[in-house]
Amino acid sequence: MSETAHVTKAAGVVSTATLSSRILGFLRDMVIAWFFGAGLSADAFFVAFRIPNLLRRLFAEGSLTAAFIPVFTEHLYKGGRDEAFGLARSAWWLLALILAAGSVVGILLAPLIVRIIAPGFLASPGKYELTVLLTRVMFPYIFFIGLVALSMGILNSLGHFAAPALAPVLLNVAMIGSVLLFSNHLAKPSLGLAIGVIIGGCLQLGLQIPFLIRKGFCLRIARPLYHAAIKRIAVLMTPAVFGAAVYQINILVGTLLASLLPEGSVSYLYYADRLVQFPLGVFAIALATAVLPSLSRQAAIGDIDGLRESFSYALKLVFFISIPAMIGLIILREPIVRLLFQRGSFDATTTRLTAEALFYYAIGLWAFSGVRIVVATFYSLQDTMTPVKIAIVSLLLNILLSILLMKPMRHAGLALATSLSSGVNLVLLLAALRRRLGGICAYEVLLSIFKSVASATVMGSIIAVVWVWSAPICNQSTWYLLALIGGSVIAGCVVYATSASLFKCGELRPVIDMIKAGLGKRTGS
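Numbering (the working numbering), first residue to last: 80 to 604.
Be a bit skeptical, because a hint or two may be false.
Result set (BS3-like, lysine-lysine): computed pairs, CA atoms no more than 25 Å apart in a straight line [to be verified]:
| no. | residue 1 | residue 2 |
| --- | --- | --- |
| 1 | LYS157 | LYS294 |
| 2 | LYS583 | LYS595 |
| 3 | LYS486 | LYS310 |
| 4 | LYS157 | LYS310 |
FYI, nobody ran anything at the bench for these hints, they're computed from the structure. Keep in mind that this is a model prediction, so the values were computed, not measured.
Required output: the full structure, derived from the provided sequences and hints.
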(Lines of atoms letter the chains of each structure in order from A and count residues from 1; the text may use other names and numbers.)
(Lines give C-alpha, C1' and ligand atoms only; values in the text may rest on other atoms or scores of the structure.)
Protein backbone atom coordinates (compact mmCIF):
# COMPACT_ATOMS: atom_id res chain seq x y z
CA MET A 1 0.00 0.00 0.00
CA SER A 2 1.36 3.44 -0.94
CA GLU A 3 1.97 6.06 1.74
CA THR A 4 -0.92 8.23 0.52
CA ALA A 5 -3.26 5.22 0.46
CA HIS A 6 -2.18 4.37 4.01
CA VAL A 7 -2.93 7.95 5.09
CA THR A 8 -6.33 7.84 3.38
CA LYS A 9 -7.29 4.58 5.10
CA ALA A 10 -6.13 5.78 8.52
CA ALA A 11 -7.89 9.13 8.06
CA GLY A 12 -11.12 7.31 7.19
CA VAL A 13 -10.97 5.27 10.40
CA VAL A 14 -10.19 8.31 12.54
CA SER A 15 -12.84 10.44 10.80
CA THR A 16 -15.56 7.85 11.37
CA ALA A 17 -14.70 7.48 15.06
CA THR A 18 -14.49 11.25 15.42
CA LEU A 19 -17.85 11.66 13.67
CA SER A 20 -19.44 9.37 16.26
CA SER A 21 -17.85 11.41 19.03
CA ARG A 22 -18.95 14.73 17.54
CA ILE A 23 -22.54 13.57 17.11
CA LEU A 24 -22.59 12.53 20.75
CA GLY A 25 -20.90 15.83 21.56
CA PHE A 26 -23.78 17.71 19.97
CA LEU A 27 -26.23 15.57 21.91
CA ARG A 28 -24.26 16.46 25.04
CA ASP A 29 -24.46 20.16 24.19
CA MET A 30 -28.17 19.87 23.49
CA VAL A 31 -28.63 18.39 26.97
CA ILE A 32 -26.49 21.17 28.50
CA ALA A 33 -28.43 23.83 26.58
CA TRP A 34 -31.73 22.31 27.76
CA PHE A 35 -30.67 22.21 31.43
CA PHE A 36 -28.58 25.38 31.70
CA GLY A 37 -29.17 27.62 28.65
CA ALA A 38 -26.65 30.48 28.54
CA GLY A 39 -26.85 31.75 32.11
CA LEU A 40 -24.66 31.74 35.20
CA SER A 41 -24.30 27.95 35.56
CA ALA A 42 -23.49 27.47 31.88
CA ASP A 43 -20.88 30.25 31.86
CA ALA A 44 -19.27 28.84 35.02
CA PHE A 45 -19.10 25.31 33.63
CA PHE A 46 -17.79 26.34 30.22
CA VAL A 47 -14.97 28.39 31.73
CA ALA A 48 -14.10 25.62 34.22
CA PHE A 49 -14.25 22.98 31.48
CA ARG A 50 -12.19 25.18 29.19
CA ILE A 51 -9.11 24.49 31.33
CA PRO A 52 -8.98 20.65 31.09
CA ASN A 53 -10.50 20.81 27.60
CA LEU A 54 -7.74 23.15 26.45
CA LEU A 55 -5.13 20.81 27.89
CA ARG A 56 -6.89 17.89 26.21
CA ARG A 57 -6.49 19.58 22.86
CA LEU A 58 -2.93 20.59 23.58
CA PHE A 59 -2.04 17.01 24.58
CA ALA A 60 -4.31 14.74 22.57
CA GLU A 61 -4.19 16.76 19.35
CA GLY A 62 -1.00 18.72 19.81
CA SER A 63 2.17 18.87 21.79
CA LEU A 64 2.57 15.47 23.46
CA THR A 65 1.75 13.30 20.46
CA ALA A 66 3.49 15.70 18.07
CA ALA A 67 6.72 15.49 20.08
CA PHE A 68 6.46 11.80 20.99
CA ILE A 69 5.51 10.22 17.65
CA PRO A 70 8.56 11.39 15.60
CA VAL A 71 11.02 10.38 18.35
CA PHE A 72 9.27 7.05 19.05
CA THR A 73 9.10 6.30 15.30
CA GLU A 74 12.80 7.07 14.90
CA HIS A 75 13.65 4.61 17.70
CA LEU A 76 11.24 2.05 16.24
CA TYR A 77 12.89 2.11 12.80
CA LYS A 78 16.49 2.56 13.90
CA GLY A 79 16.64 0.71 17.24
CA GLY A 80 13.87 -1.87 17.03
CA ARG A 81 10.64 -2.49 18.93
CA ASP A 82 12.29 -3.28 22.29
CA GLU A 83 14.20 0.01 22.26
CA ALA A 84 11.06 1.95 21.29
CA PHE A 85 8.94 0.28 23.99
CA GLY A 86 11.61 1.04 26.59
CA LEU A 87 11.28 4.71 25.69
CA ALA A 88 7.47 4.48 25.82
CA ARG A 89 7.46 2.88 29.30
CA SER A 90 9.78 5.56 30.63
CA ALA A 91 7.58 8.30 29.15
CA TRP A 92 4.42 6.66 30.56
CA TRP A 93 5.55 6.54 34.18
CA LEU A 94 7.29 9.92 34.19
CA LEU A 95 4.19 11.49 32.67
CA ALA A 96 1.94 9.80 35.26
CA LEU A 97 4.02 11.28 38.10
CA ILE A 98 4.07 14.76 36.53
CA LEU A 99 0.32 14.77 35.82
CA ALA A 100 -0.56 13.55 39.31
CA ALA A 101 1.49 16.36 40.83
CA GLY A 102 0.05 18.86 38.35
CA SER A 103 -3.50 17.85 39.25
CA VAL A 104 -2.85 18.51 42.93
CA VAL A 105 -1.29 21.91 42.16
CA GLY A 106 -4.21 22.79 39.86
CA ILE A 107 -6.76 21.98 42.56
CA LEU A 108 -4.92 24.16 45.07
CA LEU A 109 -4.48 27.07 42.63
CA ALA A 110 -8.00 26.92 41.14
CA PRO A 111 -9.01 30.38 42.50
CA LEU A 112 -5.97 31.99 40.88
CA ILE A 113 -6.51 30.13 37.61
CA VAL A 114 -10.12 31.32 37.39
CA ARG A 115 -9.04 34.90 38.10
CA ILE A 116 -6.62 34.69 35.18
CA ILE A 117 -8.95 32.90 32.75
CA ALA A 118 -12.15 34.84 33.54
CA PRO A 119 -11.37 38.03 35.49
CA GLY A 120 -14.82 39.40 34.70
CA PHE A 121 -16.38 36.71 36.92
CA LEU A 122 -14.99 38.45 40.02
CA ALA A 123 -17.83 40.97 39.67
CA SER A 124 -20.29 38.14 40.34
CA PRO A 125 -19.22 36.27 43.51
CA GLY A 126 -21.67 33.42 42.97
CA LYS A 127 -20.42 32.77 39.44
CA TYR A 128 -16.77 33.01 40.50
CA GLU A 129 -17.18 30.59 43.43
CA LEU A 130 -19.06 28.06 41.30
CA THR A 131 -16.37 28.24 38.60
CA VAL A 132 -13.65 27.59 41.19
CA LEU A 133 -15.55 24.58 42.56
CA LEU A 134 -16.09 23.08 39.10
CA THR A 135 -12.45 23.67 38.19
CA ARG A 136 -11.30 21.77 41.27
CA VAL A 137 -13.61 18.85 40.55
CA MET A 138 -12.50 18.55 36.91
CA PHE A 139 -8.77 19.25 37.18
CA PRO A 140 -7.81 15.55 37.73
CA TYR A 141 -9.15 14.91 34.21
CA ILE A 142 -5.76 16.16 33.04
CA PHE A 143 -4.13 13.05 34.59
CA PHE A 144 -6.29 10.66 32.59
CA ILE A 145 -6.26 12.53 29.28
CA GLY A 146 -2.48 12.99 29.39
CA LEU A 147 -1.97 9.22 29.58
CA VAL A 148 -4.62 8.73 26.89
CA ALA A 149 -2.63 11.09 24.65
CA LEU A 150 0.58 9.14 25.18
CA SER A 151 -1.28 5.90 24.45
CA MET A 152 -2.54 7.50 21.25
CA GLY A 153 1.02 8.30 20.21
CA ILE A 154 2.16 4.72 20.82
CA LEU A 155 -0.81 3.11 19.07
CA ASN A 156 -0.81 5.50 16.10
CA SER A 157 2.91 4.92 15.54
CA LEU A 158 2.18 1.18 15.46
CA GLY A 159 -0.60 1.68 12.90
CA HIS A 160 -3.62 1.43 15.23
CA PHE A 161 -5.97 4.42 15.11
CA ALA A 162 -9.43 3.21 16.16
CA ALA A 163 -9.19 3.01 19.98
CA PRO A 164 -7.62 6.48 20.47
CA ALA A 165 -10.16 8.03 18.10
CA LEU A 166 -13.07 6.36 19.91
CA ALA A 167 -11.97 7.55 23.36
CA PRO A 168 -13.88 10.88 23.22
CA VAL A 169 -17.11 8.93 22.66
CA LEU A 170 -16.83 7.64 26.22
CA LEU A 171 -16.37 11.16 27.59
CA ASN A 172 -19.57 12.35 25.92
CA VAL A 173 -21.53 9.30 27.10
CA ALA A 174 -20.32 9.84 30.67
CA MET A 175 -21.22 13.54 30.65
CA ILE A 176 -24.69 12.96 29.23
CA GLY A 177 -25.37 10.17 31.69
CA SER A 178 -24.13 12.21 34.65
CA VAL A 179 -26.33 15.20 33.80
CA LEU A 180 -29.40 13.01 33.48
CA LEU A 181 -28.64 10.98 36.61
CA PHE A 182 -27.17 13.53 39.02
CA SER A 183 -27.95 17.15 38.09
CA ASN A 184 -31.54 17.21 39.34
CA HIS A 185 -30.44 15.79 42.70
CA LEU A 186 -27.56 18.20 43.43
CA ALA A 187 -27.71 21.62 45.09
CA LYS A 188 -25.42 22.83 42.29
CA PRO A 189 -26.72 21.00 39.17
CA SER A 190 -23.62 21.80 37.08
CA LEU A 191 -21.65 19.49 39.40
CA GLY A 192 -23.32 16.63 37.55
CA LEU A 193 -21.44 17.65 34.41
CA ALA A 194 -18.15 17.91 36.29
CA ILE A 195 -18.57 14.42 37.75
CA GLY A 196 -19.23 13.12 34.24
CA VAL A 197 -15.92 14.58 33.02
CA ILE A 198 -13.95 12.60 35.62
CA ILE A 199 -15.86 9.37 34.93
CA GLY A 200 -15.27 9.90 31.22
CA GLY A 201 -11.53 10.31 31.76
CA CYS A 202 -11.34 6.97 33.59
CA LEU A 203 -13.23 5.23 30.79
CA GLN A 204 -11.05 6.79 28.08
CA LEU A 205 -7.84 5.52 29.66
CA GLY A 206 -9.37 2.12 30.34
CA LEU A 207 -10.16 1.71 26.63
CA GLN A 208 -6.52 2.16 25.55
CA ILE A 209 -4.83 -0.33 27.88
CA PRO A 210 -6.07 -3.61 26.30
CA PHE A 211 -4.94 -2.44 22.85
CA LEU A 212 -1.52 -1.42 24.17
CA ILE A 213 -1.09 -4.87 25.72
CA ARG A 214 -2.22 -6.53 22.48
CA LYS A 215 0.52 -4.62 20.64
CA GLY A 216 3.10 -6.01 23.07
CA PHE A 217 3.45 -2.96 25.29
CA CYS A 218 3.95 -3.78 28.99
CA LEU A 219 2.94 -1.29 31.70
CA ARG A 220 5.52 -2.46 34.23
CA ILE A 221 7.59 0.37 35.73
CA ALA A 222 10.57 1.21 33.53
CA ARG A 223 14.01 0.48 34.99
CA PRO A 224 15.73 2.86 34.84
CA LEU A 225 12.82 5.29 34.93
CA TYR A 226 14.58 7.92 32.82
CA HIS A 227 15.36 7.26 29.14
CA ALA A 228 17.89 9.37 27.25
CA ALA A 229 15.31 10.31 24.58
CA ILE A 230 12.94 11.83 27.16
CA LYS A 231 14.95 15.04 27.08
CA ARG A 232 14.50 15.24 23.30
CA ILE A 233 10.74 14.76 23.65
CA ALA A 234 10.59 17.45 26.35
CA VAL A 235 12.59 19.87 24.19
CA LEU A 236 10.23 19.31 21.25
CA MET A 237 7.11 19.38 23.41
CA THR A 238 7.69 22.68 25.20
CA PRO A 239 7.37 24.97 22.16
CA ALA A 240 4.89 22.60 20.54
CA VAL A 241 2.29 23.61 23.13
CA PHE A 242 2.20 27.03 21.46
CA GLY A 243 2.93 26.00 17.88
CA ALA A 244 0.26 23.30 17.56
CA ALA A 245 -2.35 24.99 19.72
CA VAL A 246 -2.37 28.62 18.64
CA TYR A 247 -6.02 28.23 17.71
CA GLN A 248 -6.86 27.00 21.21
CA ILE A 249 -4.86 29.80 22.80
CA ASN A 250 -6.76 32.25 20.62
CA ILE A 251 -10.02 30.77 21.91
CA LEU A 252 -8.72 31.11 25.47
CA VAL A 253 -8.00 34.80 24.87
CA GLY A 254 -11.53 35.09 23.55
CA THR A 255 -12.89 33.50 26.74
CA LEU A 256 -10.97 35.92 28.91
CA LEU A 257 -12.21 38.96 26.99
CA ALA A 258 -15.74 37.54 26.66
CA SER A 259 -15.97 37.38 30.44
CA LEU A 260 -15.79 41.19 30.36
CA LEU A 261 -18.81 41.38 28.01
CA PRO A 262 -22.51 40.97 28.92
CA GLU A 263 -23.61 37.69 30.51
CA GLY A 264 -23.99 34.90 27.98
CA SER A 265 -21.09 35.99 25.76
CA VAL A 266 -18.89 33.08 26.89
CA SER A 267 -21.69 30.65 26.07
CA TYR A 268 -22.40 32.14 22.63
CA LEU A 269 -18.74 31.67 21.70
CA TYR A 270 -18.65 28.17 23.20
CA TYR A 271 -21.66 26.88 21.25
CA ALA A 272 -20.41 28.49 18.02
CA ASP A 273 -16.94 27.04 18.53
CA ARG A 274 -18.47 23.60 19.06
CA LEU A 275 -20.13 23.80 15.65
CA VAL A 276 -16.88 24.81 13.94
CA GLN A 277 -15.09 22.03 15.79
CA PHE A 278 -17.33 19.46 14.08
CA PRO A 279 -15.80 19.61 10.57
CA LEU A 280 -12.44 20.58 12.05
CA GLY A 281 -12.33 17.47 14.23
CA VAL A 282 -13.95 15.01 11.83
CA PHE A 283 -11.71 15.90 8.89
CA ALA A 284 -8.78 18.25 9.60
CA ILE A 285 -7.66 16.88 12.96
CA ALA A 286 -8.36 13.32 11.81
CA LEU A 287 -6.24 13.84 8.70
CA ALA A 288 -3.42 15.46 10.69
CA THR A 289 -3.54 12.54 13.14
CA ALA A 290 -3.34 10.03 10.30
CA VAL A 291 -0.58 11.78 8.33
CA LEU A 292 1.84 12.48 11.23
CA PRO A 293 3.12 8.87 11.57
CA SER A 294 3.62 8.66 7.79
CA LEU A 295 5.45 11.99 7.66
CA SER A 296 7.56 10.90 10.64
CA ARG A 297 8.53 7.64 8.89
CA GLN A 298 9.57 9.55 5.76
CA ALA A 299 11.54 12.08 7.80
CA ALA A 300 13.26 9.30 9.79
CA ILE A 301 14.60 7.64 6.61
CA GLY A 302 15.39 10.95 4.87
CA ASP A 303 12.74 10.69 2.13
CA ILE A 304 12.13 14.42 1.70
CA ASP A 305 10.54 14.04 -1.74
CA GLY A 306 8.05 11.55 -0.31
CA LEU A 307 7.41 13.82 2.67
CA ARG A 308 6.74 16.77 0.37
CA GLU A 309 4.31 14.65 -1.64
CA SER A 310 2.48 13.42 1.47
CA PHE A 311 2.22 16.98 2.80
CA SER A 312 0.78 18.46 -0.39
CA TYR A 313 -1.63 15.52 -0.65
CA ALA A 314 -2.92 16.09 2.90
CA LEU A 315 -3.13 19.88 2.47
CA LYS A 316 -5.11 19.65 -0.77
CA LEU A 317 -7.41 17.10 0.82
CA VAL A 318 -8.08 19.20 3.92
CA PHE A 319 -8.88 22.30 1.82
CA PHE A 320 -11.12 20.23 -0.45
CA ILE A 321 -13.20 19.30 2.60
CA SER A 322 -12.98 22.46 4.72
CA ILE A 323 -13.93 24.98 2.01
CA PRO A 324 -17.44 23.57 1.32
CA ALA A 325 -17.90 22.98 5.07
CA MET A 326 -17.14 26.67 5.63
CA ILE A 327 -19.68 27.74 2.99
CA GLY A 328 -22.31 25.40 4.41
CA LEU A 329 -21.87 26.66 7.97
CA ILE A 330 -22.10 30.28 6.86
CA ILE A 331 -25.32 29.78 4.90
CA LEU A 332 -27.03 27.44 7.37
CA ARG A 333 -25.67 28.95 10.59
CA GLU A 334 -28.92 30.13 12.15
CA PRO A 335 -31.06 27.10 11.20
CA ILE A 336 -28.36 24.76 12.54
CA VAL A 337 -28.12 26.59 15.87
CA ARG A 338 -31.91 26.70 16.13
CA LEU A 339 -32.25 22.98 15.40
CA LEU A 340 -29.54 21.83 17.79
CA PHE A 341 -29.91 24.17 20.73
CA GLN A 342 -33.11 26.28 20.73
CA ARG A 343 -35.19 24.64 23.45
CA GLY A 344 -35.68 25.07 27.18
CA SER A 345 -33.55 27.97 28.46
CA PHE A 346 -31.95 28.49 25.03
CA ASP A 347 -34.28 31.05 23.40
CA ALA A 348 -34.47 32.76 19.99
CA THR A 349 -32.24 35.66 21.08
CA THR A 350 -29.55 33.22 22.20
CA THR A 351 -29.85 31.46 18.82
CA ARG A 352 -29.34 34.72 16.92
CA LEU A 353 -26.31 35.76 18.97
CA THR A 354 -24.73 32.29 18.75
CA ALA A 355 -25.28 32.23 14.97
CA GLU A 356 -23.57 35.61 14.74
CA ALA A 357 -20.46 34.19 16.44
CA LEU A 358 -20.64 31.09 14.22
CA PHE A 359 -20.52 33.23 11.06
CA TYR A 360 -17.20 34.79 12.05
CA TYR A 361 -15.69 31.52 13.31
CA ALA A 362 -16.70 29.74 10.09
CA ILE A 363 -14.82 32.31 8.00
CA GLY A 364 -11.59 30.93 9.43
CA LEU A 365 -12.33 27.20 9.06
CA TRP A 366 -10.00 26.82 6.07
CA ALA A 367 -7.16 28.37 8.09
CA PHE A 368 -7.86 26.34 11.26
CA SER A 369 -7.75 23.18 9.11
CA GLY A 370 -4.65 24.05 7.11
CA VAL A 371 -2.65 24.94 10.22
CA ARG A 372 -3.14 21.39 11.53
CA ILE A 373 -1.46 19.85 8.48
CA VAL A 374 1.42 22.32 8.22
CA VAL A 375 2.26 22.08 11.92
CA ALA A 376 2.17 18.26 11.75
CA THR A 377 4.73 18.44 8.94
CA PHE A 378 7.07 20.62 11.00
CA TYR A 379 6.74 18.18 13.90
CA SER A 380 7.58 15.21 11.70
CA LEU A 381 10.86 17.02 10.97
CA GLN A 382 11.35 17.44 14.76
CA ASP A 383 11.15 21.21 14.30
CA THR A 384 8.86 22.79 16.88
CA MET A 385 10.60 26.14 17.17
CA THR A 386 9.45 27.50 13.80
CA PRO A 387 5.73 27.00 14.56
CA VAL A 388 6.06 28.56 18.00
CA LYS A 389 7.74 31.71 16.66
CA ILE A 390 4.94 32.15 14.14
CA ALA A 391 2.34 31.26 16.78
CA ILE A 392 3.53 34.09 19.01
CA VAL A 393 3.09 36.59 16.15
CA SER A 394 -0.40 35.22 15.47
CA LEU A 395 -1.33 35.28 19.15
CA LEU A 396 -0.26 38.91 19.56
CA LEU A 397 -2.25 39.81 16.45
CA ASN A 398 -5.30 38.03 17.87
CA ILE A 399 -5.09 39.93 21.15
CA LEU A 400 -4.76 43.25 19.30
CA LEU A 401 -7.66 42.52 16.94
CA SER A 402 -9.82 41.23 19.81
CA ILE A 403 -9.35 44.43 21.79
CA LEU A 404 -10.09 46.55 18.72
CA LEU A 405 -13.18 44.59 17.65
CA MET A 406 -14.83 43.63 20.95
CA LYS A 407 -16.30 47.08 21.57
CA PRO A 408 -18.03 47.63 18.19
CA MET A 409 -18.87 43.95 17.54
CA ARG A 410 -18.94 42.49 21.08
CA HIS A 411 -18.57 38.69 21.11
CA ALA A 412 -18.68 38.49 17.30
CA GLY A 413 -15.55 40.64 17.16
CA LEU A 414 -13.69 38.08 19.25
CA ALA A 415 -14.66 35.31 16.82
CA LEU A 416 -13.56 37.40 13.84
CA ALA A 417 -10.22 38.18 15.49
CA THR A 418 -9.59 34.46 15.97
CA SER A 419 -10.29 33.73 12.30
CA LEU A 420 -8.14 36.57 10.97
CA SER A 421 -5.15 35.76 13.17
CA SER A 422 -5.35 32.07 12.23
CA GLY A 423 -5.30 33.02 8.55
CA VAL A 424 -2.10 34.99 9.08
CA ASN A 425 -0.70 32.06 11.06
CA LEU A 426 -1.29 29.67 8.15
CA VAL A 427 0.28 31.94 5.53
CA LEU A 428 3.41 32.46 7.62
CA LEU A 429 3.70 28.72 8.34
CA LEU A 430 3.43 27.86 4.64
CA ALA A 431 6.13 30.37 3.75
CA ALA A 432 8.46 28.92 6.39
CA LEU A 433 7.81 25.31 5.32
CA ARG A 434 8.45 26.18 1.69
CA ARG A 435 11.89 27.44 2.65
CA ARG A 436 12.54 24.34 4.78
CA LEU A 437 11.56 21.79 2.12
CA GLY A 438 12.72 23.74 -0.93
CA GLY A 439 9.16 23.85 -2.25
CA ILE A 440 5.68 22.63 -1.30
CA CYS A 441 4.08 21.97 -4.71
CA ALA A 442 2.50 25.43 -4.45
CA TYR A 443 1.07 25.48 -7.99
CA GLU A 444 -0.71 22.15 -7.48
CA VAL A 445 -2.09 23.27 -4.12
CA LEU A 446 -3.33 26.63 -5.45
CA LEU A 447 -4.96 24.96 -8.47
CA SER A 448 -6.68 22.51 -6.15
CA ILE A 449 -7.92 25.36 -3.93
CA PHE A 450 -9.28 27.21 -6.98
CA LYS A 451 -11.23 24.14 -8.10
CA SER A 452 -12.53 23.55 -4.58
CA VAL A 453 -13.68 27.18 -4.25
CA ALA A 454 -15.41 27.03 -7.65
CA SER A 455 -17.19 23.78 -6.75
CA ALA A 456 -18.17 25.11 -3.31
CA THR A 457 -19.54 28.32 -4.88
CA VAL A 458 -21.89 26.30 -7.08
CA MET A 459 -22.95 24.26 -4.04
CA GLY A 460 -23.46 27.35 -1.87
CA SER A 461 -25.53 29.14 -4.51
CA ILE A 462 -27.97 26.26 -4.76
CA ILE A 463 -28.28 25.86 -0.97
CA ALA A 464 -28.87 29.62 -0.58
CA VAL A 465 -31.65 29.61 -3.18
CA VAL A 466 -33.32 26.63 -1.49
CA TRP A 467 -33.25 28.38 1.89
CA VAL A 468 -34.62 31.66 0.59
CA TRP A 469 -37.54 29.73 -0.88
CA SER A 470 -38.11 27.53 2.19
CA ALA A 471 -37.60 30.09 4.99
CA PRO A 472 -41.33 30.41 5.83
CA ILE A 473 -41.63 26.62 6.16
CA CYS A 474 -38.62 26.10 8.41
CA ASN A 475 -39.99 28.59 10.92
CA GLN A 476 -43.04 26.43 11.55
CA SER A 477 -41.77 23.04 12.69
CA THR A 478 -38.64 21.43 14.12
CA TRP A 479 -39.23 18.39 11.92
CA TYR A 480 -39.44 20.54 8.79
CA LEU A 481 -36.25 22.25 9.91
CA LEU A 482 -34.51 18.90 10.41
CA ALA A 483 -35.68 17.65 7.02
CA LEU A 484 -34.62 20.84 5.25
CA ILE A 485 -31.18 20.96 6.86
CA GLY A 486 -30.63 17.25 6.22
CA GLY A 487 -31.84 17.60 2.66
CA SER A 488 -29.66 20.66 2.11
CA VAL A 489 -26.57 18.84 3.40
CA ILE A 490 -27.22 15.81 1.20
CA ALA A 491 -28.00 17.96 -1.84
CA GLY A 492 -24.95 20.10 -1.12
CA CYS A 493 -22.70 17.03 -1.01
CA VAL A 494 -24.12 15.74 -4.30
CA VAL A 495 -23.77 19.12 -6.03
CA TYR A 496 -20.25 19.60 -4.66
CA ALA A 497 -19.15 16.12 -5.74
CA THR A 498 -20.67 16.64 -9.20
CA SER A 499 -19.02 20.05 -9.59
CA ALA A 500 -15.70 18.66 -8.33
CA SER A 501 -15.93 15.87 -10.89
CA LEU A 502 -16.61 18.37 -13.69
CA PHE A 503 -13.68 20.51 -12.54
CA LYS A 504 -11.54 17.35 -12.41
CA CYS A 505 -10.64 17.71 -8.72
CA GLY A 506 -8.14 14.97 -7.91
CA GLU A 507 -9.19 14.98 -4.25
CA LEU A 508 -12.66 13.57 -4.91
CA ARG A 509 -11.47 9.96 -5.21
CA PRO A 510 -9.42 10.03 -1.94
CA VAL A 511 -12.46 11.43 -0.08
CA ILE A 512 -14.56 8.54 -1.40
CA ASP A 513 -11.80 6.15 -0.31
CA MET A 514 -11.80 7.76 3.16
CA ILE A 515 -15.53 7.14 3.44
CA LYS A 516 -15.09 3.52 2.35
CA ALA A 517 -12.26 3.01 4.86
CA GLY A 518 -14.41 4.49 7.61
CA LEU A 519 -17.18 2.04 6.72
CA GLY A 520 -14.72 -0.85 6.82
CA LYS A 521 -14.57 -1.38 3.06
CA ARG A 522 -11.39 -2.01 1.09
CA THR A 523 -9.90 1.00 -0.69
CA GLY A 524 -7.71 1.05 -3.71
CA SER A 525 -3.97 1.66 -3.42
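Quick rundown of the hints versus the structure:
1. Proximity of LYS157 to LYS294 is assessed by CA-CA distance (about 19 Å); at most 25 Å being required, the pair is judged to hold.
2. Between the alpha carbons of LYS583 and LYS595 the distance comes to roughly 21 Å, so the proposed pair stays at or under 25 Å and holds.
3. Of the pairs offered as hints, the one joining LYS486 and LYS310 is violated, with about 45 Å between alpha carbons and a cut-off of 25 Å exceeded.
4. The straight-line distance between the Cα atoms of LYS157 and LYS310 is roughly 18 Å, inside the 25 Å bound, and the hint therefore holds.
Checked against the numbered hints given earlier, the structure breaks only hint 3 and satisfies all the rest.
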